[in-house]
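*Asks:* Here is how the chains run, residue by residue.
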Amino acid sequence: MIAIVKYNAGNIGSVKNALHRLNCSCVITDDPKELQAADKVIFPGVGEAQSAMEYLKKHQLVDTIKGLTNPVLGICLGLQLMCSHSEENDTECLGIFKNRIRLFPSTDIVPHMGWNNFDSLRSQLFRGVKTKDDVYFVHSYYAERSQYTIATANYILPFSAALQRDNFYAVQFHPEKSAGIGGQILTNFLSL
Amino acid sequence: MLKKRIIPCLDIKDGRTVKGVNFVDLRDAGDPVALAKTYVEQGADELVFLDITATLENRNARKGMIEKIAAAINIPFTVGGGVRSVEDARMMIQAGADKVSVNSAAVKQPELIAEMAQEFGSQCVVVAVDTKLTGDNWMVYVNGGRNATPHKTLDWCKKVEQLGAGEILLTSMNNDGTKKGFAIDITQAIAAAVNIPVIASGGAGNKEHFKEIFTHSQATGGLAASIFHFGEVSIIDLKHYLKEKGIPIR
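Chains as they are written, first to last, in my numbering: chain A, 163 to 354; chain B, 59 to 308.
These aren't lab readings, by the way, just hints derived from the structure by calculation. C-beta atoms are modelled at their ideal positions from N, C-alpha and C, and glycine is treated no differently. Certain hints may be false.
To be verified - Subject to a maximum C-alpha distance of 30 Å in a straight line, what follows is the list of computed DSS-like cross-link-like pairs (lysine-lysine):
| no. | chain 1 | residue 1 | chain 2 | residue 2 |
| --- | --- | --- | --- | --- |
| 1 | B | K269 | A | K294 |
| 2 | B | K61 | A | K292 |
| 3 | A | K168 | B | K95 |
| 4 | B | K301 | A | K294 |
| 5 | B | K269 | A | K292 |
| 6 | A | K294 | B | K238 |
| 7 | B | K126 | B | K61 |
| 8 | B | K210 | A | K292 |
| 9 | B | K95 | A | K292 |
Said to hold, decoys possible - Label-pair distances were calculated between CB atoms; the ranges are:
| no. | chain 1 | residue 1 | chain 2 | residue 2 | range |
| --- | --- | --- | --- | --- | --- |
| 10 | B | A129 | A | R289 | 22 to 28 Å |
| 11 | B | H298 | A | S213 | 39 to 45 Å |
| 12 | B | K238 | A | D201 | 52 to 58 Å |
| 13 | A | R307 | B | S292 | 49 to 55 Å |
Stated by the list, open to error - Simulated coverage check for chain B against chain A, where a stretch passes if three residues somewhere in it have a Cβ under 8 Å from a Cβ of chain A:
| no. | region |
| --- | --- |
| 14 | 123 to 136 |
| 15 | 180 to 191 |
| 16 | 251 to 263 |
With these hints in hand, go ahead and build the complete structure from the sequences.
*Replies:* Here it is, written out as structure tokens:
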């Protein structure tokens with residue numbers, strides 16, 4: 163069973179739909195036991211960092227998520243919340259990745275919205291994915307690159323398109339909205 | 059590199075695609091879900107659904123339709139038509155829409171843009187702007203282009219950006235339906251003046267028109283309806299052509 167972390171962020175239904183299209187059943191839950199017992203956990207989200215962190219604290223999800231030992235996939239805001247700090251309303255985040263989340267400089271259109279490719283792919287998450295393949299991004303804040311970076315995308319500047327540390331994986335783009343390539347990446351995660 | 063987006067638009071009335079659809083390989087060309095899936099397979103980067111009935115009575119039918127679309131397709135989509143309140147937008151987002159577009163209601167009550175951005179984030183908020191060259195000025199029109207407003211298009215677009223719009227869908231009424239090409243001048247004027255994505259709409263009649271708008275304006279996407287529905291331009295051919303011409307395309 164796949165568990166999707168239930169919290170006050172949008173887009174959770176899209177991930178559920180994507181899993182159903184891959185014939186995969188899932189439960190949307192904020193119950194620590196269900197999250198710990200799941201085969202895999204997906205931590206999705208579209209929204210604002212500070213209110214999301216407040217919700218996670220209030221529902222005792224901070225330690226639960228940090229303590230998970232099953233494979234976890236953060237998506238978009240999920241990735242940002244898994245980092246140490248976000249410039250979005252100066253928010254302390256989970257700190258699974260020691261990356262900082264910064265606002266894109268406004269030298270080009272912000273948000274970074276649309277299909278973009280990535281490179282320096284180094285993870286089983288990208289099996290069958292090529293650097294010229296495009297995935298769908300929508301974000302105004304980005305994760306700086308670090309030792310955990312497993313894919314780099316370029317928009318205004320190079321940033322982490324994906325991160326990994328041990329069982330924790332995270333992608334800045336939306337695999338659930340990235341057509342066949344996104345489906346491939348989700349399938350790769352599900353078969354870890 | 060960020061790619062330019064090709065966006066088919068489906069007009070929906072009473073749950074069916076209208077404006078005519080002429081796809082030989084579709085069993086039911088009026089079914090928006092079937093048509094949407096076909097476009098996704100052909101490589102559409104995003105879809106826009108405009109519900110032109112959008113009355114209170116068909117609210118539930120509409121919710122059901124958005125849910126069906128969300129379950130069926132794996133690319134982002136915008137839903138619009140008759141959005142008057144944050145509650146209207148919430149229903150659409152909860153049903154699975156990635157973005158909601160507002161038009162007339164935003165002109166009547168601009169604070170709706172700010173409220174939606176606050177509630178769902180700017181990335182969910184598309185402001186559709188219908189514009190017509192009136193004398194020397196591009197002006198904003200509402201209610202399906204029937205009513206003039208006192209707003210100059212450039213000023214209105216700057217204002218909606220300030221209020222928190224995440225994207226502008228700019229339709230030139232002078233060009234819409236002519237198949238003579240997008241309105242390059244006003245599209246570029248808006249794209250240069252705001253720092254949010256601008257989608258060009260109205261006037262696309264062939265592949266060259268997309269090349270023109272992407273070459274001569276900073277529009278990040280091009281939207282069209284009937285040329286795709288009638289198969290006059292296939293998305294596969296269009297994207298292949300634009301790539302050959304050096305336009306960044308998925």
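*Asks:* Look at each hint and say if it fits the structure.
*Replies:* Each hint, compared with the structure:
Between K269(B) and K294(A) the alpha-carbon distance is near 21 Å, which keeps this suggested pair within the 30 Å criterion. As the CA atoms of K61(B) and K292(A) are separated by approximately 16 Å, the hinted pair is consistent with the 30 Å bound. Of the pairs offered as hints, the one joining K168(A) and K95(B) holds, with about 29 Å between alpha carbons and a cut-off of 30 Å not exceeded. Among the hinted pairs, K301(B) with K294(A) is consistent with the structure: their alpha-carbon atoms are about 13 Å apart, no more than 30 Å.
Taken as a hint, the K269(B) and K292(A) pair is honoured in the structure, with Cα atoms around 26 Å apart against an allowance of 30 Å. Of the pairs offered as hints, the one joining K294(A) and K238(B) is violated, with about 33 Å between alpha carbons and a cut-off of 30 Å exceeded. Annotation: proposed proximity of K126(B) to K61(B) holds, straight-line Cα distance about 28 Å (limit 30 Å). With a C-alpha separation of about 45 Å, the suggested pairing of K210(B) with K292(A) is violated against the 30 Å cut-off.
Of the pairs offered as hints, the one joining K95(B) and K292(A) holds, with about 24 Å between alpha carbons and a cut-off of 30 Å not exceeded. About 26 Å separates the C-beta atoms of A129(B) and R289(A), a value consistent with the hinted range of 22 to 28 Å. Distance hint for H298(B) and S213(A): a CB-CB separation of about 44 Å, consistent with the stated range 39 to 45 Å. For the pair K238(B) and D201(A), the supplied restraint of 52 to 58 Å holds, since their beta-carbon distance comes to about 56 Å.
Remark: the range hint 49 to 55 Å for R307(A) to S292(B) is contradicted by a beta-carbon distance near 39 Å. Only residues whose C-beta sits within less than 8 Å of a C-beta in chain A count toward coverage, and the region 123 to 136 of chain B has 5 of them, enough to reach three; the restraint holds. Against chain A, the region 180 to 191 of chain B contributes 3 residues with a C-beta closer than 8 Å to a partner C-beta. That satisfies the three-residue criterion, and the hint holds. Under the rule that three or more residues need a Cβ within less than 8 Å of chain A, the assignment of the region 251 to 263 of chain B holds, with 3 such residues.
Consistency with the previously given hints fails for numbers 6, 8, 13, ordered from lowest to highest.
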